[in-house]
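Chain by chain, the residues run as shown.
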Amino acid sequence: MEAIFAFSVGLLTAAGVFLSLRGRSFPVVVGITLLSYAVNLFLFSSGRLTINGAAVLGTSEVYADPVPQALVLTAIVIGFAMTAFVLILGMRSRADLGNDHVDGRLAVEPEEKKK
Amino acid sequence: MGLLWIPLLPMLGTLMPLMAARFSRNSIALLTALLPAAALFLLFTQAPAVFSGQVLAVSFKWIPLAGLEVAFRLDGLAWLFALLILGIGQLIILYARYYLSEQDNMPLFYSYLLLFMTAMLGIVLSGNLIQLWFFWELTSISSFLLIGFWSHKSEARKGARMALTITGAGGLALLAGLLLVGQVVGSYDLGEVLASGDLIREHAAYPVILVLVLLGAFTKSAQFPFHFWLPHAMSAPTPVSAYLHSATMVKAGIFLMARMYPVLSGTELWFLIVSMTGLATLLIGAYVALFKHDLKGLLAYSTISHLGLITLLLGMNTQLSTVAAIFHIVNHAAFKASLFMAAGIIDHETGTRDMRQINGLWKYMPHTATLAMVAAASMAGVPLLNGFLSKEMFFAETLQQVTLGSLSWMVPVFATLGTVFSVAYSARFIHDVFFNGEPVDLPKTPHEPPRFMRIPVEVLIALCLLIGIFPNFVIGPLLAIASSAALGGDLPNYSLAIWHGFNVPLLMSFLAMVGGLIIYYNRKHLFRFQAQFPEADAKLIFEWVMQQLVKGCTVIMQKLENGSLQRYIYLLIFLAMILMAGPMIDLNATEGHKSQLPLDNLTLIAAIILAAATLATVLFNRKRLVSIISLSVVGLIVSLAFARFSAPDLALTQLSVEVVTMILLLLALFFLPQNTPKESHPRRLVRDLSLAGIIGGVIGTINYAMITRPLDSLSWFYLENSKTGGGGTNVVNVILVDFRGLDTLGEISVLGIAALGIYKLIVRMRLYMPSSDSTGRPWAVGRHPMMLSVVSQSLLPLALLVSAYIFLRGHNMPGGGFIAGLITSVAIIQQYIAHGVDWIKDRLRINYQWLVASGILIAALTGVGSWFFNRPFLTTWYDYFNLPLIGEFELASAMLFDLGVYLTVIGATLMILANLGKLTTKQSPAMKESN
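Residue numbers (UniProt numbering), protein chains in the order written: chain A, 1 to 115; chain B, 1 to 931.
Accuracy of the hints is not assured; some may be wrong.
[Stated by the list, open to error] Footprint (simulated), chain A over chain B, 3 or more residues, beta carbon under 8 Å:
(1) 610-624
(2) 743-751
[Unchecked claim] Chain B side only, calculated, beta carbon under 7 Å to chain A, not exhaustive:
(3) L194
(4) I573
(5) L597
(6) L636
(7) S646
(8) F670
(9) L672
(10) I699
(11) L711
(12) G725
(13) A754
(14) L761
(15) R766
[To be verified] Pair by pair, the computed Cβ-Cβ distance ranges are:
(16) E202(B) - I51(A): 58 to 64 Å
(17) N52(A) - L68(B): 49 to 55 Å
(18) L808(B) - I78(A): 42 to 48 Å
These are computed hints drawn from the structure, not numbers from a lab. These figures come from a predicted structure and were not determined experimentally. All C-beta atoms, glycine included, are put in the ideal place defined by N, C-alpha and C.
Just chain A, with the same shape it has in the complex (with noise of 0.2 Å):
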């Protein structure tokens, strides 16, 4: 189980970083929401990984660790308000500059590019 865990981590840090490499706003943004799954599997993993744990108190012998969750869970919402951010800069800056190359180039550069 472990295995698997960490190798769908890997691979989802692998595909965000791949993503974010990309020169245009939109494959970055659908990178940084890859790797922030990964980020978040990871630190949620620094608890162990538990099977039928009990969330609430009282209910079983066995716990899963609360604390990374709770780390994780403002994480994922301050994941989305960035992702949002980042995206919305993107499309702002393709509004003002024409294009929606991450590197802020004016409008006709790309098309020099192209030759």
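Please arrange chain B on chain A, whose structure you already have, making use of the hints.
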């Protein structure tokens, strides 16, 4: 406590002239002098204790863990220097009152001067190495302000910049050296460091420490090859030169060497570096001084030469030479300060400092001339003056020195040679300025300066004579305590007498006198010889080096920082990978000893779906719609994973966040290109893929290594105290709203700020609204589908009920403010989707900014509320109540806090999504703004 006030009074004094700026010039000077005078008085009250051999100390804790404290320490050496700084400082204040003209900003000048005085006192009185360094840098900065005081002159600006660069760079080396000392000794306390001389000298890092500390001292004390900044600092007003270059700034380096003498000296390395540098500086300074036509230039190089002499003495590693060094520090301060002041008077009264113009001033200002001649004679080492005594001691010591083996004879020969030039330039100072015919084209007709301007010079000259004639009586005890403090123990036998009989040092003095006068007499030949060498202008070279440095840095910066975000991210991740790889290689076994969970089929299938969806997201990344659909699958599996591994709260949160994220991405995609153009070069693809692959592998390995190792966490604390302390059985929620409530408060603030930032970005956005999709099919403009409208409308109360339920039970069951807030948001967004922005606008009149603000406010006020019960911020309270029909229920202040979280989450989510959605309609904030 009196000790603390000695540096503190001048520090307060920096404000005095600024506050007194409206008064007359006399009052400003008087008020400025007041606090340093009080500090001087305090210094004298400490004298009995210091002269009886005590070391006074006072210290306060500052950052004890880092070994930092505010500590002051007063021993003989510090007392001597403090006396020089405060005493000569008083004279400088008086002198500057008459020197500065009406146009100069006198209060500012005095303020800088006192700041500098404070910094110098800080250096000599510090009882902690880091604190010493702090004041060291403060002298660099305040001397920069003083040297560049006439900032309208290019010379002054360049000189100030050069001094700051050289001494500042030396200061950094010194910091490194002192940090190493602290590492070796285990303390930055000066007392402890001084007691650990053997420890440091035997440590492997000793050569490094020595070189670094000496770099600091040499740059400050203008030792060769760092001497070139000092002559250029002469563009400062003369009181500054007199202060900085006689008693203070340049003496800071000497002080450092004397202070660290018990710790660093006594080795051959010390001798070689310190004495050879000193000897070179002595010779170069003395030789160049002779050829300077500028009065202050001559004095500047003579200062360099005398600093070299003191350094040479300190480098010779004998107790007597150290006593001689300290004696010469005092003598040099006295005669050099008075010479600078005399030069300032001459400059002031004649309008020039060029010795080819100023001749024969004896007739015009006999009084000043007499004073200057006595001082210059002392500089040359004429008997009956203080300079003679320390020079004799110097000669005697050079004869004793044997470390150079069979070449040892060279040291006294070179010392005599240096003194020959010293006599020659002193003779030039006297003869050229006060005799030698008539003045040539002077801008002003010279006459005696104001009475009070001469007083500081007279005081110093009196001192020179008194020390020179009654050395034992005037300076004996002070020299004894200062030397024993510098040596860190007993004093050698020495006698301060004018007459030691006919001996070799006297012969050397005699030779130097005769040789100097001969050279001066034949100076024309020497000048002609020297004129053959093109004079290198240190300023030009320095500026050139600086410009090259800036150019080099610019090139590197432009290479590194070319504006490409892709490149930055790449480099950042690449660096992270390299940093991670090291510890990973050191890790022997990937797998830990924790017993692992068995793999079941369901999880395996979910993992396969996750992998497939992730790959699809990447593979179809250029077809954006496909990409985000696969992304949503990934998100779904991630929430299932949370549910599987016993984290229902996380699963619920992830699920609702997933919904809002997807809506957000779809909305944004409406305005953005549907496809990503193919523009990555294959080489770049390979590069990115390999980096991504490696980093993914590294992260996966770290994760595996982590989760297969047993965990010793502090979770038991939360599990044990959740019910009893926080009154809830859902530990995750109790951590959020109770244990770590402050963190959560910070997090919802971040959420609110992000939402506000997004709102501001949207408001001014001018977007082209596409009317068709990427293949050219026009978007449907029909009404909202009836089925969706009806179903979603009837679902709304249900959804709100669910969210209320989730919210209320959050403290004891999975749920809480974050999740309930997200569910409510999703329910409202559903209405937006089903009915459109216009329809909602008429029915839902909520200002989302207010919602966010009130949410954060409620949460914060809940925290403040506990103050009324004399509890720390965010202490929670809970109790159980009984109501008929409902039964027992619990009320907790944490619920109010959670309500704040709930409102903030709704406000932030809707502020983002609703405003983005509004862009498609005539309700668009952008439209409103332009109307």
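Violated hints, by number in ascending order, as checked against the structure
3, 6, 8, 12 and 18
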